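*Asks:* Sequences listed follow chains G and A, in order. In case it helps, numbering that gives the first Met the number 0 puts the first sequence at residues 0 to 448. In case it helps, numbering that gives the first Met the number 0 puts the second sequence at residues 0 to 209.
Keep in mind the hints are simulated off the structure, nothing from the lab. Careful: at least some of the hints might be erroneous.
What the hints assert, rightly or not - The calculated lysine-lysine pairs, modelled on DSBU-like cross-linking and capped at a C-alpha distance of 35 Å, are:
1) G:LYS99 to A:LYS53
2) A:LYS81 to G:LYS224
3) G:LYS132 to A:LYS201
As the list claims (entries may be wrong) - Over the 10 Å line for every Cβ pair with chain A, so calculated as not near, a few chain G residues:
4) GLY61
5) ARG129
6) ARG140
7) ASN162
8) GLU167
9) ASP266
Claimed, not checked - Here are some of the chain A residues that sit facing chain G, going by a computed Cβ distance under 10 Å:
10) ILE14
11) VAL26
12) TRP29
13) ILE58
14) THR62
15) VAL118
16) ILE132
17) ASN141
18) LEU142
19) ILE144
20) SER148
21) THR151
22) ASN163
Just so we're clear, the structure is a prediction, and the values are computed from it rather than from any experiment. All C-beta atoms, glycine included, are put in the ideal place defined by N, C-alpha and C.
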Amino acid sequence: MIKKTRLRKGLAGLVAGLIAAIALLVIALPVMMQYQQHITESYQIEEYATMLKEQKEIEEKGLASCYDPENGVISINNTLGENITIVLVYASDGEHEEVKYFQPGTLKIAPGINRISIAEDGLGITLDSRKIKTLKLVTSRGTIIQPPYCSKTAMVIKWLGFNMVLGEEQIPGGLAAVNPSGEIFAHGLIRKINNTYVFINGTLVPDPESTGSGGIPLAFSINLKIGTSTLFTIERDDVGDYLLIVINSTSDDYTYSQSNIGCYNIDCCTFKSKSEVTVHVFGYSYVSKFDDSGDGPLKYTLINNGYDYMIIGVEFEDSKKTGIYNGTIYVSKIKVSDVSESDLIAKFFVDKTGRTINATLYVNGNTINAAAFYRTDDKNNPIPSINQFAIYVPVEDLLNISSGDSLWIKTAVTYCSNECLTDDSEWISFIYNPLKPVVDSVYTKYFGS
Amino acid sequence: MVNRKSMSPVLSAIILAAAIIAVGVIVLMWISGHSSMVIRQSQIDLLRSEQAAKENLVIVHVTYNASQSKVIMYLLNMGYNKVFLGPIRIKELRSTDYEDIFTPEGIWFGNNYTVKVVVNSTESNPSPLTMNIGGLSEYLENLEIRDPSAITDEINAYILEPYNEINGYYKVEISATLDQDSTYSIEVWTIVNIYNKAYLCKLYTAQLTT
Numbered sequence: 000m001i002k003k004t005r006l007r008k009g010l011a012g013l014v015a016g017l018i019a020a021i022a023l024l025v026i027a028l029p030v031m032m033q034y035q036q037h038i039t040e041s042y043q044i045e046e047y048a049t050m051l052k053e054q055k056e057i058e059e060k061g062l063a064s065c066y067d068p069e070n071g072v073i074s075i076n077n078t079l080g081e082n083i084t085i086v087l088v089y090a091s092d093g094e095h096e097e098v099k100y101f102q103p104g105t106l107k108i109a110p111g112i113n114r115i116s117i118a119e120d121g122l123g124i125t126l127d128s129r130k131i132k133t134l135k136l137v138t139s140r141g142t143i144i145q146p147p148y149c150s151k152t153a154m155v156i157k158w159l160g161f162n163m164v165l166g167e168e169q170i171p172g173g174l175a176a177v178n179p180s181g182e183i184f185a186h187g188l189i190r191k192i193n194n195t196y197v198f199i200n201g202t203l204v205p206d207p208e209s210t211g212s213g214g215i216p217l218a219f220s221i222n223l224k225i226g227t228s229t230l231f232t233i234e235r236d237d238v239g240d241y242l243l244i245v246i247n248s249t250s251d252d253y254t255y256s257q258s259n260i261g262c263y264n265i266d267c268c269t270f271k272s273k274s275e276v277t278v279h280v281f282g283y284s285y286v287s288k289f290d291d292s293g294d295g296p297l298k299y300t301l302i303n304n305g306y307d308y309m310i311i312g313v314e315f316e317d318s319k320k321t322g323i324y325n326g327t328i329y330v331s332k333i334k335v336s337d338v339s340e341s342d343l344i345a346k347f348f349v350d351k352t353g354r355t356i357n358a359t360l361y362v363n364g365n366t367i368n369a370a371a372f373y374r375t376d377d378k379n380n381p382i383p384s385i386n387q388f389a390i391y392v393p394v395e396d397l398l399n400i401s402s403g404d405s406l407w408i409k410t411a412v413t414y415c416s417n418e419c420l421t422d423d424s425e426w427i428s429f430i431y432n433p434l435k436p437v438v439d440s441v442y443t444k445y446f447g448s
Numbered sequence: 000m001v002n003r004k005s006m007s008p009v010l011s012a013i014i015l016a017a018a019i020i021a022v023g024v025i026v027l028m029w030i031s032g033h034s035s036m037v038i039r040q041s042q043i044d045l046l047r048s049e050q051a052a053k054e055n056l057v058i059v060h061v062t063y064n065a066s067q068s069k070v071i072m073y074l075l076n077m078g079y080n081k082v083f084l085g086p087i088r089i090k091e092l093r094s095t096d097y098e099d100i101f102t103p104e105g106i107w108f109g110n111n112y113t114v115k116v117v118v119n120s121t122e123s124n125p126s127p128l129t130m131n132i133g134g135l136s137e138y139l140e141n142l143e144i145r146d147p148s149a150i151t152d153e154i155n156a157y158i159l160e161p162y163n164e165i166n167g168y169y170k171v172e173i174s175a176t177l178d179q180d181s182t183y184s185i186e187v188w189t190i191v192n193i194y195n196k197a198y199l200c201k202l203y204t205a206q207l208t209t
């Protein structure tokens, strides 16, 4: 009986405890849920604030601009790929200021380069454009664009990658001119854009149809002078130089036509000026030649930067007119002990007997037909006379590298006639400095869009 | 010998449960009182953070008009909600008596600033709104006011509407005498209205070189 009573008391206590616990839980639950809700909302707010900040930062980086006070024109390069809306413009000459508000959607900055006049026909600013000291444009996201003077922008062009430069900073007024007795000649993977100016840039390749002093096949030639004094003459016959030139010329002053000699699996062109032209910018990058002379078929390893690519090749020692040259180019982000572990391997052959050539890239398990360039001094029967061979390597796409990154490069050449002889270079460290930023800056300066 | 009659187990369970609940409720009420304070503060912080995150006030430019002894500031509200513009500080101006703090209609310290709405090149003068301040210590700390009695429990604030609703911008004029060839840092505070109290919300800064 006593046991039964204790059991009932125990059960009653348990039930009482349970009821109390549930009651307390019911009271405490909303407090806990509120805390949980606060934490979640805090995270969401933080994420939203971060997103807005990031949007502004992206917009700031994607809108490069400059102001030309002489013409009262703002140039804005919109690289964001979408229209950007300007809602307010502020201008001040130090004494007077003007603020113009634009209804959303009425002033848009389209992708690409936009040139906007600040005067009545554009932004409606009545201040003297030459005296404007402060200019600000506000986008609909709240980003402030404050364009510097364009002349200042031009001055900060870094000629990274070029080892010879003549610009208007060196020859005020851009008055380097070509001797009437000479001409500008350029052949290779060059491209021309003309407007008021003619803009030519690209990798050069010797053309046996045009020869320079001593009968060398010309890749490039120019005579530069100021006034009556000749500055210097350049004649080049190597594969892989890079040219950037801006001249003031009309289409009657030059010829520009396709000519693929020296170019494999890619179209090349030839540019020739017919008369004296004014040179405004002249940038030149000589191909680097790393010596491996001695016994064996490899004489030099050729390396140079291109617009957003590299040219890597070889020059043959005591080039034979028959037999087969097999070449391999190893490119690696780190120096590897086993060449087969290189990030990119390029193979080529020049079969002088069979008169065929080939170039292939091997990267990440993929096989890619490569574009290549070669030097020959025989325009009618070019292949047996090839003594330089270089491959176009789009390193940014294939190796995911960018400006300033180091690469390790090694080349090997095997020459087979009756027997085979192999010769390879040491590993060469080369810093990739694409010429694109310079070329684009010069282009923007002279063409705007 | 005392003859005790045993209590019914059901009755004892009810008494026990009631006792536990009573004690529990007392404890919970204490906790919840404390919690509600924490939660209230947390809610204020949360609403303030939300407003601050969404707010997008842009100080377009600050300039000094020496002939009129005025600092002129151009503002755009690029957000989607209205913004309350509160105290403005020009830190370098403080010497003895809070000369650096400017409020609409000079409600504190008598240092005044005004806001004009500019639509289609036409200026108009909106009136500021008066609100009771919340979080006194925040004002004291952020505006570096050491004497709580120096400020009133009310503050004025201008309402800045989003730019696409007014189709214009705001021009702030601060009456101040600045030295030539000097650099001043300007702090602009916005205010958020929570439970009918004005709390400091977000700080915007700009620099002015005369």
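*Asks:* Does the closest beta carbon of chain G sit nearer than 10 Å to the beta carbon of A:SER148?
*Replies:* 34 Å, violated
*Asks:* Have a go at the A:ILE144 hint: is there a Cβ in chain G nearer than 10 Å to its own Cβ?
*Replies:* 28 Å, violated
*Asks:* Test the statement that G:ASP266 is away from the interface with chain A: the closest C-beta pair must be farther apart than 10 Å.
*Replies:* 49 Å, holds
*Asks:* Does the claim that G:GLU167 lies off the interface hold, with its Cβ farther than 10 Å from every Cβ of chain A?
*Replies:* 32 Å, holds
*Asks:* Restraint: A:TRP29 near chain G, CB-CB cut 10 Å. Satisfied or not?
*Replies:* 12 Å, violated
*Asks:* Please check whether A:ASN163 passes as an interface residue: C-beta within 10 Å of a C-beta belonging to chain G.
*Replies:* 5 Å, holds
*Asks:* Sort out whether A:LYS53 lies within 35 Å of G:LYS99, counting only the CA atoms.
*Replies:* 25 Å, holds
*Asks:* Do the alpha carbons of A:LYS81 and G:LYS224 lie within 35 Å of each other, as the hint requires?
*Replies:* 66 Å, violated
*Asks:* Does A:LEU142 hold up as a contact with chain G if the rule is Cβ-Cβ below 10 Å?
*Replies:* 24 Å, violated
*Asks:* Going by Cβ atoms, does G:ARG129 stay more than 10 Å from chain A at every point?
*Replies:* With a cut-off of 10 Å, G:ARG129 remains clear of chain A, as the shortest Cβ separation is near 20 Å.
*Asks:* Given a cut of 10 Å on the nearest C-beta pair, is the interface hint for A:ASN141 held or broken against chain G?
*Replies:* Result: violated, 19 Å to nearest chain G Cβ.
*Asks:* Is the hint on A:ILE58 kept, meaning its closest Cβ partner in chain G is under 10 Å away?
*Replies:* 9 Å, holds
Hint compliance for this structure: hints 2, 6, 12, 16, 17, 18, 19, 20, 21 are broken, all remaining hints hold.
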